[in-house]
Amino acid sequence: MQVIIFEDHLAGELRPVTLTRSAFGISLCGTNLYELVRRKGLKISYIVREYLKDMCSQDFLNFPLEDESLLFINACFPPVSSILDKILKLTEEKKPFVAQRDSRIIFAFFPTLKIDLKKLDRKSLTSFLLEQDYSFLEEKFPLINYPFEIIKYNQIYFQENLEELKKDFKEISEGVFVGKNVEIHPTVCMDTEDGYIIVDDNTKIGPFAYLKGPIYIGKNCKIIERTSIKEACHISHHCKVGGEVECSIIEPYSNKQHHGFLGHSWVGSWVNMGAGTSISNLKNTYGEVAVIYQDKKIPTGMQFLGCIIGDYSKTAINTSIFTGKIIGVASYLYGFITTNVPSFCNYARSFGQITEHHLSSVVKTQKRMFERRNVTQTQIHIKLLEDVYNLTKDERIMSGESLSL
Amino acid sequence: MCGIVGYTGFRSCSDILLKGLKCLEYRGYDSWGFTFVVGKELFTIKKAGKISEAENIINKFPEESFSGIGHTRWATHGSPNDINAHPHLDCKEKIAICHNGIIENYGELKKWLQKRGHIFKSETDTEVIAHLLEEFYQGDMLSAIKKAMLKLVGAFGLAIISGYEPDTLYGARRGSPLVVGIGDREMFLSSDVNALVTHTRKVVYLDDDEIVKLTPTSFKICSLDKDKKEKKIHTVPFDATSIEKGGFSHFMLKEIFEQPESLHNAFRGRMDYERATVKLGGLELTESELLSIKRIKLLGCGTSWHAALVGKYLFEELARIPSEVDYSSEFRYRDPILSEDDLVIAISQSGETADTLAAVREAKRKGAKVLGICNVVGSSIARECGRGVYLHAGPEIGVASTKAFTSQLLVLTLLAILFARLKGMPRRDALIALNAIEALPSLAERVLKKAKKIEDLANSLYTYKNFLYVGRGYQYPIALEGALKLKEISYIHAEGIPAAELKHGPIALVDENMPTVVLATESHILDKVKSNVAEIKARKGRIISIVTEANHEMDDLSDFKFSVPPTPHYLAPILSVIPLQLLAYYVAVLRGCDVDKPRNLAKSVTVE
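Respectively, the protein sequence lines represent chains A and B.
Residue numbers for the first sequence follow the working numbering, so the first one is 1 and each next one is one higher.
Residue numbers for the second sequence follow the working numbering, so the first one is 406 and each next one is one higher.
For reference, chain B alone in the conformation it holds in the complex (with noise of 0.2 Å):
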């Protein structure tokens, strides 16, 4: 997720473009940059780094530019350094970009330009766009664009401008949010509103395929196969006050519905469907290297952690390869058995936990191979292990985690299919996967369309003091997560524990005032789940159900139900966890807590 501004209009565009890009930080800071466009030529500034964080940037600012585009920066492709910060431009320095979004086939197009002469100055996906502008450009940009566009694979949103057309300023969609704000003789481009609302509230949402030629006066869009589109100007309903967040009234909140297109983002360009496997570029593994590998330790902390339990489940059911967890501060001080034969794989969000980063170095140290699965790209932990695979769930800011969670799910499912599909796992099976993957953005969307009712159990729930969180199989560290999230932001006492360890000790807290939230969604065990449970209603617990939709096996038992439609069961604590995480949030709010930075939390946790 990055964040673009662009404008053509009658005033100085600096301060716009600079005031646009800072309400747009929330969608990514590694780095920033602008082009302006002065005369004919461009202007281009760019840097590592916060755009808040930057001092007197506006005098380097050129003043007579009436047009011009800025960017503020997610890292996919390439770390966060100068170079790779957008703008982007082509060999001539004549054709500027700003991307939002994922190209997946950027390789075979780098080459393919390449071979054409065009010579490429980052490690980012989207220099080629830059570069297929200008192969294309023949005194026509829109035509350039339309091109281009039918030769990119991936999302983005795109805004362009150049010195071969001073006052114009281009925008293109095709799975990137673009939003187009109309002014009084001027225009405006961003990604999404709230860069635009403190000049004006008209504006025009481009859809896929679309795109949008503004001049100071005039706004013209078509798509790839209609020259002119007449579009709806929607009047924007809020002012610039809640700006970041999206309308939500909290990141987290704003995190939990943004899960759809993270964990699309998650998968995009990964899916081989001709070879019914995964391709994950960051690992740097040869075939053999993957298939001598005897060993998975799966490290992290907090719901880190969680995700690398369902991970174990992952790789042991599917790759049938032995897989341990750990946290990473006790698998540091332990002296861990560790060989060559085994791989590491560190999960952690921001790829700057202390612990986490110190496991990795002594795994290293001790000789086995190391991986990260990471959502900051260039972060310690990525770079420590110097292979990996990123998470593209944009930048994360509620301190309870929520998106990063469930793609570190998917990424973790992802790598567990690659090595299966290595190990004989049949095609078929992994076509069910895949598939099953590629509904999972619709699935979540569809989880989250009943939010209401989950808002209308936590009236019903939070003045409770304990709550108990049951789950098995893959559903057990999804019972650990649920409880997490509770305490971290509504600072309620919860457990999770797997259900059949009730009977063990912890039923002797049941009681009515002890509420059990139950995942009970379609498995082979859930015949014993329904047991488990029975105990607990016995004692008069109240029992809160995450259910399989139109399955009714746990009607007699549960209080409350909420169903998540059905996936495969390795999939499924990516759906039932966002339930738990609704919950969570819901109950923190009408507790009055402070959602997106509870006390004595941080998000990143850089000290052991």
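Just chain A, with the same shape it has in the complex (with noise of 0.2 Å):
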């Protein structure tokens, strides 16, 4: 059995975190889809927006189709371990099915099908799917399909995915598992009393942190000294991190070094927060956290929830950032942040400016932090900067706020 994972009509609307990556590739729960599909030993092809098939094939192998049993898995599913072994139990009955929730597939498995993956596009899958042999499944499994759901499911799913990944790795004392040339400074006090703690590769714990499990810390990370992770944090690889962290996200190669607090959140890669940045993810009046989303209110059902924060953006020193924003790609945050914040805008909006970020200064600035970080700025890199600065220019001036260009 091949499988094949998708993006269909929302996937490019989970904005900003879709802007810059697909949707399989959002970490959370300790890995992210395509890893945790490619862990049970499957082949697995995509089809993902066309502007984002180079920079997809640097990260992720896509084999071409060669069987005809096939399951696809909608790149909105959240990663979790338990409900994939559940659906390839499934697939053993050879029996087709289909699980559908809000009008949109989430699992279809084919024990037979022929399909040419260059005939099909996003737009025609969920037809052409639909238009087989077939039965649906009743239960109702979790999609994405808000941002912040993210954040939702990362805390729900994720210390049951960590039981299934801890098996990588080595046990040094009850709870915690590392991976190789791991560096803990014996003063780090890890509790492991609610969940496991991971720390991955290559990755240094500063004198006096706190980590309490369940978290995640990926390759190559540093965790400076006194920093508190607690609780339902996935630290990706090439990330450095201070501070206080609560139930967070962080993207490969964001740097949240310094003093300040992280709370219900999801920051891109190349990230960078300036100290004292903090984030609210309470509101005064304990009440269900709302956001406002393409210009609509929507109600999260969640009490804690901090912000969503696109790749390339960074904050200046002691920004605050009010409960459940979401700020775009290549912003530069000042101040207090009381709204949501489009992609590539110089965000002042509290000392009375907001005017667009310049897309040759985005270009100029990732060179920049990409030298420091060793990686080469390619025109693959460049390109998906364009792109996303052309596919953001509504966002600026819908936004409703009077953008000084």
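Everything labelled a hint here was simulated from the structure, so no lab data went into it.
Careful: at least some of the hints might be erroneous.
Result set (EDC-like, lysine to aspartate or glutamate): computed pairs, CA atoms no more than 16 Å apart in a straight line [said to hold, decoys possible]: (1) B/K855 <-> A/E131; (2) B/K445 <-> B/E468; (3) B/K945 <-> B/D964; (4) A/K393 <-> B/E679; (5) B/K854 <-> A/D201; (6) A/K296 <-> B/E722; (7) B/K556 <-> B/E469; (8) A/K119 <-> B/D630; (9) A/K123 <-> B/E679; (10) A/K166 <-> A/D133; (11) A/K212 <-> A/E244; (12) B/K451 <-> B/E498; (13) B/K854 <-> A/E131; (14) A/K297 <-> B/D834; (15) A/K123 <-> B/D614; (16) A/K140 <-> B/D964; (17) B/K659 <-> B/E430; (18) A/K118 <-> B/E430; (19) B/K556 <-> B/D630; (20) B/K828 <-> A/D295; (21) A/K140 <-> B/E927; (22) A/K123 <-> B/E498; (23) B/K445 <-> B/E430; (24) A/K393 <-> A/E356; (25) A/K119 <-> B/D612; (26) B/K650 <-> B/D999.
Dock chain to chain to rebuild the complex, using the hints, since each chain is given by itself in its own frame.
This is the structure:
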């Protein structure tokens, strides 16, 4: 059997998270969907948005289609190992099935199906799959419908995923699992009462840090002295982390080195958070957090929700981001952030200044950041920034902010 | 939907093409046309009107022609007149084509071709194909066809002849049906086998992106990526008797089964995923005019009135525009209050409904903007409104409307999405709607595959004398429509009512002799529907439930369950009405009623 992970018509709407990455590359619960499926020993082909193809092919192998027994998985399915196992078990019965939620296909399995991936695009895939013979599964499975649901599902499924992931690591004390060349200072306090702690290869944890499971810290990370990382935190590879982090996800190559609180948030790649940057994750009223999403107020069902910060964004020192705010890609923030921020903006609203952040400047900054981490900037990286800049033009016009461009 | 025939062989082709076209008239009948190859020249004759009513036309055909093409049209782009009738020719009048389908990108192709000097004569989407072939033809027609196909977006079945290769006939398809008939020293091409069976039963069905080259003694099939394709030759199992019904015993059943295609045609080329909205060409209203609309009035009669009721729910929920529904016949005589900020939407399959036409005139007189939703292009209502959205459902012959109804619902949904996006509907919500619409043909097909279940149900129900149909929200108008279908063709008394209204009177009718059809698909008010149905169950009423697949909430209450696939609640009526259409049909057949021509009814009500 071969797996086809597909982005449907809504994958691109998880802005800003999926502006720069495929939905199956979103980190949560200690892994991402592509990695989780790969761990199960399955060959993966994928269908992504056209402009992301080159970038995806650098990070994820796209196998040619060789099999006629096919399991389709929506790229917005959160990587939950136990659910995937259940689905794989069902495929053994060799009976076609479809699992749908909110009119979106989450899983579809066909024991024999001939398809030509070149002829199928993301728009026509759903109708093509629904044309086949199958029965609907009655069980409702999770699907990431809004960006804030990444944080919700991360909390719900983190510990049970670590149960599976820990098998790849060595247990050095009860509930603490490490990879190769991990350095944990003897003064680090590790609390595994509520979940495992996994620290991946070549990562260093500085003195007096406090780690409370379940957490996953990826490869080549640096956790500075006195850092506190608590509960359902996924720190991806090559991150530098300090201060207080709780129930949050940080994608690769981002820095949150200094003091300041990050809670119930998702932080993209190549983000730098200045010293003292803090995020509110609870309203003064203790009420449900609502987010403004595509100009509509959406109740999240969550009491704790911080912010979503797109790739390449930066915060100045002492930036304060209010509860449930969504920050776009490559925006620079200063002062109090009381509203959502579109992509490619210099956002200093509290000082009366909001300007467009020019693409050329973002490209230059990208080059400087990459060089510091020994990453070579290629045309693919630049093209992606250009595409995202163009894709988000409407955001800047429609954001309701009077931008002085 | 249009009909195409083509011939090349040893016989004079005029009579063959004429008879063939008459067999295809059910596919379209607003205009017709032929092109014959005479020597190396093309002779074309085409007219508005029905081919069956054209008298003595055979006398106008050339005697010595052994290859030609013919077409009977159902207009989609451009009104039905002599100029827009097919075949269409290139500038030099050396290439002629007949087309069945819709070219979605014809506008941009037309501009491109005009810039390159091509002169267009008609308003059709089809004409671009003739000019494209002319543009690409450099001595090899097959290569020109391939190049043209790579440019075309949309659906087509094509028959092509040219003066360059007088005895060669070409066919090509994508989306629209095309079948090759293999004779002895003669070859045929047609939209379906009906036009061929009197000549041959050996046929080859073309698949998408395939091209066939026919000479009197050979046929060669290739595709866009393969030079030669081996295809199976089928033997047609039936003869010419059931012709235009395409193997179905009645037009109504045929039209019910055409719904996957008619739904596809209703949204084909109208979805704009990039901007997460819809494109409706005939609207003729600017964005600011659309935004200025404060109220929508929907008008219709019979089934169209039921579509209007669903439209009210759509406009109010998705676009948040206050909407009202009126019977056209009542509206026109009650001195309605209208202003220039009102949009009056007139819904009529035929576009000739006298009451609706008069209501449109009244609305215009009072200064409101009017918009027509019709199936027949160039019909009176379409012309009177001056702006509108066509259903593209193809001709509907059965008196009881089926496919036009579901297309009306779909077009109303498209309109509601358009308004909703202008009024701030999130992109995400619009994309959900667009994708769910795109899946509707597949889902309708899934419902139709279970038609036998409804046929069996009809066997146990057809002797009852009264029926109740109940539903809530979007399904209330569907309850009305289900009841109307049963009344129309089986002459059984049936009432459609909102489920919650049962307890205010109609429940007094319920006993073991009154079956109730319950529309209980997934929605936020399913629990309420269940409570209403429990009241019927307690009175020994027989419950037939239309439910959502994989949802078992109605299991305990139902005596019979028919499930439709999940879709957003505002699209559910399009799927849930299909089993009701089938139920009415099978009950009527079992009762020996004339399904296609029920007593006392006419297809198009052109009197007040």
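Hint check:
1. B/K855 <-> A/E131: holds (14 Å)
2. B/K445 <-> B/E468: The hint holds at about 15 Å.
3. B/K945 <-> B/D964: holds (11 Å)
4. A/K393 <-> B/E679: holds (13 Å)
5. B/K854 <-> A/D201: violated (55 Å)
6. A/K296 <-> B/E722: holds (15 Å)
7. B/K556 <-> B/E469: violated (36 Å)
8. A/K119 <-> B/D630: Holds, at roughly 12 Å.
9. A/K123 <-> B/E679: Cα-Cα ~11 Å, so holds.
10. A/K166 <-> A/D133: violated (39 Å)
11. A/K212 <-> A/E244: holds (11 Å)
12. B/K451 <-> B/E498: holds (14 Å)
13. B/K854 <-> A/E131: holds (11 Å)
14. A/K297 <-> B/D834: holds (13 Å)
15. A/K123 <-> B/D614: violated (20 Å)
16. A/K140 <-> B/D964: violated (26 Å)
17. B/K659 <-> B/E430: holds (15 Å)
18. A/K118 <-> B/E430: violated (38 Å)
19. B/K556 <-> B/D630: Given pair B/K556, B/D630 holds - Cα atoms ~15 Å apart, limit 16 Å.
20. B/K828 <-> A/D295: holds (11 Å)
21. A/K140 <-> B/E927: holds (14 Å)
22. A/K123 <-> B/E498: Given pair A/K123, B/E498 is violated - Cα atoms ~39 Å apart, limit 16 Å.
23. B/K445 <-> B/E430: violated (29 Å)
24. A/K393 <-> A/E356: The hint holds at about 10 Å.
25. A/K119 <-> B/D612: Distance ~15 Å between A/K119 and B/D612 Cα, so the pair holds.
26. B/K650 <-> B/D999: holds (15 Å)
Checked against the numbered hints given earlier, the structure breaks hints 5, 7, 10, 15, 16, 18, 22 and 23 and satisfies all the rest.
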